[in-house]
Each structure stands twice: as structure tokens, then as C-alpha cells.
Amino acid sequence: MRVIVALMRVLVADDDPFSAAVMEVLIHSAGHECVLARDGREAWQILQTADAPRIVFLDWMMPEIDGIELCRRIRERATHEYTYVAMLSSRNKQRDITLGFQSGADDFITKPYQTEEVLARLRVAERLMRTTSAGVNLRRAIAEARASSGGDVIVRAEHRVGRIIFDRGRVAWAHVSDEPGSLATILAGEGSITREEVRAVIEECSATGQNFVDVLVAWELITREQLRSVLARWIRAKIARIAAFAAPVVIFSPESRAASSGMLLDLEEVIAPELLQTATTPAIASPSTSPPANGHTLSADLARKIPQSLVQAIQIDGALSAAIFDLRDGLCLGARGEALDLDLVWSKLRLAAMSDLWDDLEDIMISTRQHIYILRPYTKSPPRSIFLAIDRATTKLGMVRRALAECAIE
Amino acid sequence: MTLPILDPSIVASLRNLKLLARLYPLFITTLPGHLASLQAAVLAGDRPAQRMVAHLLRGSASQLGALALAHAFTTIEEAIVQEDGRPWPTPAELDALIEATITAMSDAARTPDR
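Chains as they are written, first to last, in this note's numbering: chain S, 1 to 410; chain B, 1001 to 1114.
Mixed in with the good hints there might be a few duds.
Partial list, computed: chain S residues near chain B (C-beta under 8 Å) [said to hold, decoys possible]: (1) Asp15; (2) Asp16; (3) Phe18; (4) Ala21; (5) Val22; (6) Met61; (7) Ser90; (8) Asn92; (9) Lys111; (10) Pro112; (11) Tyr113; (12) Thr115; (13) Ala393.
No wet-lab data here; the hints were simulated from the structure.
These numbers were taken from a predicted model, which means no experiment stands behind them.
Positions of the beta carbon are idealized from the N, C-alpha and C atoms, including for glycine.
Please model the entire structure based on the sequences and the hints provided.
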């Protein structure tokens, strides 16, 4: 199985080579590719390209176009995929920070950089981009498609439509509506096969009804392995672009159709690992025997306390689900009750994780049509939160909040 | 209050990132050019250019942990922005700070990054 490294491209626009060098090293250390621009104009040009980075760090004061203006321009591009913008500046007055956010920035980082803080903020950006992209729904649709006999995962964002064609649990093709992409074009672009040869193969297929791939291989124009490699590269890039659509509608449409390429690829070859994970509540292992995989070791006392707290929380009148999260990275330390959509829960917790709200608030409640979600600090250091989903019809909200408070360690 | 020449926590952080030996010599060699640009902008009465260079110097010095020098450039930048006639550090003060910073950076850069 081929392992796909989930790299992101991150743009740093800064005329100060020293700040840029620090950012570059930090971004590399987080496993991402860093693209550097020395001024606002160069950054703007990079942002116009087809594979432009979707996480950008902009220095406020730089030649040509300053970071504030650049951020406004990014936000005015209604048809583009969402770009996460963090403003960088040694201006640290409250009004500067406010102006940065008013221009459309998602984050504001003051210089000089604190290494751990920048890395943590980069992780927030990365997580948010995965959440705001097609991520959650796309994962579900892919899981459904994988289990089906065949059909299309269709992702639509405004006028752009991406389509991933599945056949018997494998990927046959991927296409984006406003991008070119026939098999003939791809092969002609590879250089080893001429357009004339591709045309001759197509004619042969039309005349004999044979499969395109079979004719290519039979005529020794390409080996099956080479073709698989070319196709996998092409389809992988297409799916990555589809996954990056902003605020899309995603559906799986079951249907039976002939595969476009005549060659089926394993999902692991062409789909990033995070899109192959299903977003459901993890099985609850005993934290004392299975410490969290991210290196956050729980004390024996806490490992005992977490399952007890969860049992206590789920017994609260009207409780549907309960979970405990580490706010540093969204890791679920345990859950009880109905299956939780971890991405959805984390998208709510994220705000709390990014701020010092906990200093002043006892809990945070979010109401939806069916549910009320309550977040409450579980431990303060390191910051962990207990999360409870309750039925909207519950009338004893005060009692629920008090009962949840008793579940926390704080 | 006298600020330390270098911020030890930033020096340690740059050393951990294996950047100290690369960035300090670079700062020392590029500093005269930036100071000359600042002087030229002052002589030309070009306030936007003055501010841009002062801001760049402030940011670089601050990122490299050159606390006292960063503070001096901050004073200069704020004086340019506010146009309130507040005094800049004198050339002698600035020279002394730069010399102390270069000495401290040279010493720090001599110890190899871990």
C-alpha cells in the first residue's frame, strides 16, 4: 500500500528574512511545505495559482501590498476555496489586533514568535481547514461509496462540481467540472505516448469494443504498472482539490456505470488518510492501559477518574452523549452514550480551545433545534473539557448544569 | 530600566531550531545596509520609507531577541508614526547598542546550534 503524506502548503509573506526563516523552519517541522514571498505582490501572485496554499501567514507591514490589504483581497474572492489567514506583526496594541481581525484574518500572531505558540496555532489552522473543507461529509460519502457496489461521490461548491467515481469499492476516476481531464489528454501529456497513438487506440476501441487500457497495454505503449502510477497521481491530485472545496454540498449517488479508465485503484492509493477515517465515537479503551496516541499521558488517577466522570455525566437526566476532550488538540479521551460526530463536537470546542474564555465562564451552552450542548472545564491544566449533549426538550437545565459541574475535576 | 542586550529565551529557541548560527551572522552583515537606508530616507524626508525601514529593523531585532536594540528601533518607528517630535536615540546611543548587540550575537553564534 502506498502511504500518502498529508502535507499542506503554507504561504509565509514577510519582507523580514529573519522572521521568515523562523516561520519556514517551524512549518517544515510541522511536516508542511513552506512557500515564501518577500512582499505582498509576490504573495498575491502565488495566491492566484491553481494550487495556491490555503493557509497563509501575512506580515502586516511589507512592501507593495501590506498584509491588511492582502487579507481583504483574499476575502473578496467569493469563488475561491476558503483560505485561512493569520496576520503576523510586531504591532501588538489592542486596536491593531482588532483591525487585523476586521480585515478578515482568522488569527493574529505577534512578533517575536514563541515557537510552541506558532506550532499550536498552525495546528489549529490545519484542523480548521480540514473541518471547513469537504472533510466531514466527504468522509461519510466516501465510506458509503466504499461499501457500495458503485456510484459517484458528488461534491458541489457553487458552480464547481467534483465527482469521484467508485466501482466495487475502488476508485475508477475523478473529475472537476471546470478542469480538463480525459485519459487521452493525461497520457498525451506524459510525453511517452503521442496524441496520434492515443487517437489510434481510441479508434481501435471504437471499432473492436475493447477496453482502452487493454489496447494501450497490448500495443505496448505503456505497461500496466506505469499506467497505474500515472492514473493514481492524476486522480490523487483531483481528489485533493475536490476535498479542498469550501462549504460544499456532498452526496453519494449510487449507480452502476462502466469505469472511465478501465483501471480501478485502491482508495489508499488516491485518497488522503484523513478522508478514509470515519467520524464516529472511538471505542473506549481503558486510558490506564491505552494512553492517548498523541503522547498526552494520563496520570493513573485521571485514567480512573475519566470513565467514572463519563458514567456520572451520561446518567444526568436528558443526557444523550458525554465526552471528555483535550483542548490542546481535540483528542477525545473517552465518551459514553450515543455516537458522537467528533468533528462536529471539536468544531464547537475549538473556540474555547483558542481563547481564555474558561477564566471567566463556568460553562458554555450551544442550542440547536434538537439538542443543547454544554461544555465545561474538566481539568484546567492541561485544559480538558467535558462535553454533554442533551435533549432539547429537557426542562431542568439548571439541574443539568449543576450535575455536570459535579462531574468535573477542575 | 536597562533592557538586556539579548533575550536568553529567544536565543535558546533559535538555537533549538538550529537557526542561531545562520541568522546572527546574517543580521550582523545586513544591519549596516538597513541603517544606511534609514539614514538616506531621513535625509530625503521620506517618512513612509523611514517607517518601513525602522519597522523592518524593529521586527528583525525583536525576532532575534535583540531586546535593547529592538526597543531603540521601536522608539524610532513610533516617533516617525506619531510625528510628535519625541527624541530618537542619539547616534552615540545607537552605536553603543549596536556594538553591544553585535558582540553578544557573535559570542552566541560561536557556540554551535544543538
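Agreement of hint S/Met61 with chain B interface, Cβ distance less than 8 Å: Holds, about 5 Å.
Hinted contact S/Lys111 with chain B - closest CB pair below 8 Å: 6 Å, holds
Would you settle whether the hint for S/Asp16 is holds or violated, based on the nearest Cβ-Cβ distance to chain B being less than 8 Å? 5 Å, holds
Per the CB criterion, is S/Ala393 less than 8 Å away from chain B? 53 Å, violated
Does S/Thr115 pass the interface hint, meaning its C-beta sits closer than 8 Å to a C-beta of chain B? 5 Å, holds
Chain B contact restraint on S/Asp15 - CB to CB distance below 8 Å: Where the cut-off is 8 Å and the nearest Cβ of chain B is about 6 Å from S/Asp15, the hint holds.
Would you check whether S/Val22 satisfies its interface hint, that is, whether its CB is within less than 8 Å of any CB in chain B? 6 Å, holds
Do the numbers back the hint for S/Phe18, that is, is its least Cβ distance to chain B under 8 Å? 5 Å, holds
Taking the least C-beta to C-beta distance, is S/Ala21 closer than 8 Å to chain B? 6 Å, holds
May I ask you to test the interface hint for S/Pro112 with respect to chain B, counting a Cβ-Cβ separation under 8 Å as satisfied? 5 Å, holds
Can you verify the interface hint for S/Tyr113: is its Cβ closer than 8 Å to any Cβ in chain B? Interface hint status for S/Tyr113: holds (7 Å vs cutoff 8 Å).
Against chain B, with CB atoms and a cut of 8 Å, does the hint on S/Asn92 hold up? 10 Å, violated
Of the numbered hints stated above, those contradicted by the structure are hints 8, 13, listed in ascending order.
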